[in-house]
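**Student:** All chains should be built: construct the whole structure from the sequences, respecting the hints.
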Amino acid sequence: MHPVRQKRLLWVVAIVLILGAVVGLVMYSLQQNINLFFSPTQIAQGEAPQNTTIRAGGVVVDGSVKRDPETLAVSFDVTDYEYSMTIEYLGILPDLFREGQGIVAQGEMMIDGVFKASQVLAKHDEEYMAPEVSDALKKAESKKVTGAGSAASF
Amino acid sequence: MRKILLFLPLVMFLALGGVFYSQLGKDVNYMPSALVGKSVPDFTLVSLFDDELVTNADLPSTPYLINFWGTWCPACHIEHPFLNRLAQSGITIIGIDHKDQQALALQWLEEKGNPYQQVLMDEIGHFGLDMGITGAPETFVVDSNGVVAYRHQGEINEQNWPTMKEYLQ
Amino acid sequence: MFPEVGQFSLILSLFFALLLSILPLLGYWKGNRLLLSMAQPLTLIMSLLVLVSFVALSSAFLTDDFSVLYVAQNSNSQLPIWYKFSALWGSHEGSLLLWVLILCGWCTAVALKIRTLPLEIGPVVLAVLGTVCVGFLSFLLFTSSPFVRILPDVPADGGDLNPLLQDFGLIVHPPLLYMGYVGFAVAFAFAVTALITGNLNAAWARWARPWTAASWAFLTLGITLGSWWAYYELGWGGWWFWDPVENASFMPWLAGTALLHSLAVTEKRGVFKSWTVLLAIFTFSLSLLGAFLVRSGVLTSVHSFAADPTRGVFILGLLIVLVGGSLLLYAIRAAQVRSTVSLGLTGREAWLLMNNILLTVLTLTVLLGTLYPLLFDTLGLGKISVGAPYFNSVFTPIALLLIVLMAVGPLSKWHQTPTRLLLKPCGLAAMFSFGLSAVVVYCYEFGGLAFISLAVVFWVVVLSFSDWFSKVSAGTKGIIPRARQLPRNYYGMLLAHLGIAATLVGIVLVSVNSEESMLRLSPGDTAHIAGYEFQFDQMTRVTGPNYVSSKGQFTAYQNGRVVATLFPEKRFFTTRQQVMTEAALDAGLTRDLYVSLGEQIDESAWGVRIYVKSFVRWIWLGGLLMMAGGLLAALDKRYRKRAGA
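Protein chains in written order, with the UniProt record's numbering: chain A, 1 to 154; chain B, 1 to 169; chain C, 1 to 645.
Accuracy of the hints is not assured; some may be wrong.
[As the list claims (entries may be wrong)] As a list, the in silico SDA-like pairs of lysine to any residue whose alpha-carbon atoms are at most 20 angstroms apart:
| hint | chain 1 | residue 1 | chain 2 | residue 2 |
| --- | --- | --- | --- | --- |
| 1 | A | 66 | C | 599 |
| 2 | C | 424 | C | 461 |
| 3 | B | 99 | B | 72 |
| 4 | C | 383 | A | 41 |
| 5 | C | 383 | A | 46 |
| 6 | B | 99 | B | 145 |
| 7 | C | 383 | A | 45 |
To be clear, the hints were calculated from the coordinates, so they are not data collected in a lab.
**Tutor:** Right under this line is the structure:
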């Protein structure tokens, strides 16, 4: 083979190998590390997988926050006004965590239907609401309204 | 072959632009409330001034605005003078004092004037949830049949008022 | 009165920007020297007008003119004066004005240096920059004017600046970041000019290099500051979150780094021409993409501005016109540009090509991770988030490989490198760095990834110094005169490469050698973390200018001696009714002590985060070294020659 061609071929092979490796790495990492979002309704209907990291969220139910007297453990309920679910968390909640606020938690569903959170994110200011939460609320909201006059669920 | 390859960046960029556009479109549609075209949800709330109970039956029969506000909300400070002017020009506004304290709200209206025909207390925020608000200020235009015609998020001002005004007819 | 002046001068500047984007190009096609010579004065007038409008807005802020809607929304009479000024760029409209001002600053710099360029090239560059200005000025004027008045209903006081932004880091972070972002517009303008004029040669690359290096340096500093700010202000002690907005600034940095290196090859060897042009377009496009992501609300993030769909549509249009237009021009014109020199497998070109491939791949993986939730949603597959683990697992191996190659590149010669020149130093360096790293890892019981990473750090340091030493020790003159003779460009590179090594030291040690704990503590309690004893002394109430605060006092002891007293705060901003965490830090070269208050749990107990972070400062120290390197390279003497000289 002509030496110039040979060099070029080497380059092409090297680039293809690198790109192949990168694409493989990216695909694998994406598969491992994307977290699907589930609303309390979806979780109540059993759509959420167990033992997989997912995100869940809704509005924190008034009066549902319970703290352990000794440790940082805390549990609270979130709702999309259709269904509620309980979230357990060990750690410090964000500054903007309040009852009646929209939050997103990342963690896993346990067998007993409790969501064990490894991370809790609160919306960042009054104007902003995590899009997943507002989306979930919207869905529940429109159901509620089309359900003609069914009174609020609390 | 090489010529076609040179167009590749352009094509990839345009595809990405398409994705962005579809996402933006979503955002535009997202603003209207599910309530538009529906009646104002049933409620029983306490009036700010006299602690009387107020229900849907007490709402005006002419077109009016429902304005969610609170003393805690920075944009409400900015909106308030404009509401005063609307009230002077004869527009009926029902104020919902959202997640607030009675004393603070009374003081606020004392200081800044009261543009509202009625002010109802939504201390816990249940009515706000029924109306599907995500923050304050938020304003709904209600027609003479008690049906929500339009929803506006954020403060009302000179720029966006004309749009709302049309819905108020 | 002043706001109207500001608005009016913005409109005028748009008019001049339009002239600037048209007249010099017309002059170029018609060969009219008069039209060409108008580029410089037009640029200066346009920039001056934007400056006037910026001054008008800042005076509205400083005089508490709450009749201006934007001031009323973002400032407050109680705010300290420096925050009143920086509140100007606290939100969308004002930060866009700052963006335009900085863009005009770069235009002015190019206009003042126009004599270093050939007669017909400089004006075309300015015209392209003028087009970018037209885009941003009309975005500002038509969708987001900061001068809108609320008359006659002037509010008594303003809504206050977001407490998150009431901080020194946030005063300086956006301007520096924009300096970088917008600076790449100059490289972009050079690239488009090359495509328009067909004048793409080594000289072209030489003109573009200092501008690229300077904007790269600013962007580096901006990102470094942003990371530092997130570390002490967000209260979680993290320094990088792979948040969409961080990625938006990181992608142009990666692409800009690639551009810097490929410009070097284009200048010295005249190869990679069309690739370099594409990279220049790509880098600035990523800056624009960042602006789009932050301002359109398609992605949410800690830092993004309130979403407004009409703005999103406008800036998307701008993106399509500028990026799409330049890529179209590229597709049509780049075919005429061909590099015919073949590449040696061991020449410096090859090393730099590898650098470019890996950096581009890194950029694309970050881009993919950032936009994946968007793609997923568009395809209707559901709402997802791509976590930091994705970025870490993809980024780490590629970046380490890149850094390994980075250290070898400088040893190589253009075209062909004799193998012995590479083999001996590399072999020695490999033995040394693996050995040293093994010792460190054994002594401190770190894991496998730390072993590899630290070996890479030593590898970079050893090879960089041995390269410098071989350059200064050759020949008959003494070491110091020879060291002085080496170009600034070379020292810039050396500094930047060592900066990468320093940052890597920080990243590795902070992740393997830090201790973090979240505790429930009451005043009087103590906690033992990483050989330090933290005592929670007391809580006090403090009143600030626009907030009230719960202030904790912690004393840190080591071996019974007081090391530091820390005062973490929880501030409650009264106007916005918002709570902010102010972490307390005791900074050190080898470790930071970090205490931040969580929530109050009962009467006396607080949730408290206590971290002991190893070498975390090195992350930003490395950033500073890189910035210094970039500036040094930008100031190299060779770039100051006049055209034709």
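**Student:** Now look at each hint and say whether the structure bears it out.
**Tutor:** A quick look at each hint next to the structure:
A threshold of 20 angstroms between alpha carbons decides the hint, and for residue 66 of chain A with residue 599 of chain C the separation of about 14 angstroms falls inside it, so the pair holds. For a cut-off of 20 angstroms, the pair hint linking residue 424 of chain C to residue 461 of chain C stands: about 16 angstroms separates their Cα positions. A hinted pair counts as satisfied when its Cα atoms are at most 20 angstroms apart, and residue 99 of chain B with residue 72 of chain B qualifies at roughly 9 angstroms. Only pairs whose Cα atoms come within 20 angstroms are accepted, and residue 383 of chain C paired with residue 41 of chain A is accepted, the gap being roughly 15 angstroms.
Of the pairs offered as hints, the one joining residue 383 of chain C and residue 46 of chain A holds, with about 17 angstroms between alpha carbons and a cut-off of 20 angstroms not exceeded. Between residue 99 of chain B and residue 145 of chain B, the direct Cα distance comes to roughly 28 angstroms. Violation of the 20 angstroms bound is thereby established for this hinted pair. Taking the CA atoms of residue 383 of chain C and residue 45 of chain A, the gap is near 18 angstroms; set against the 20 angstroms cutoff, the hint holds.
Checked against the numbered hints above, the structure breaks only hint 6 and satisfies the rest.
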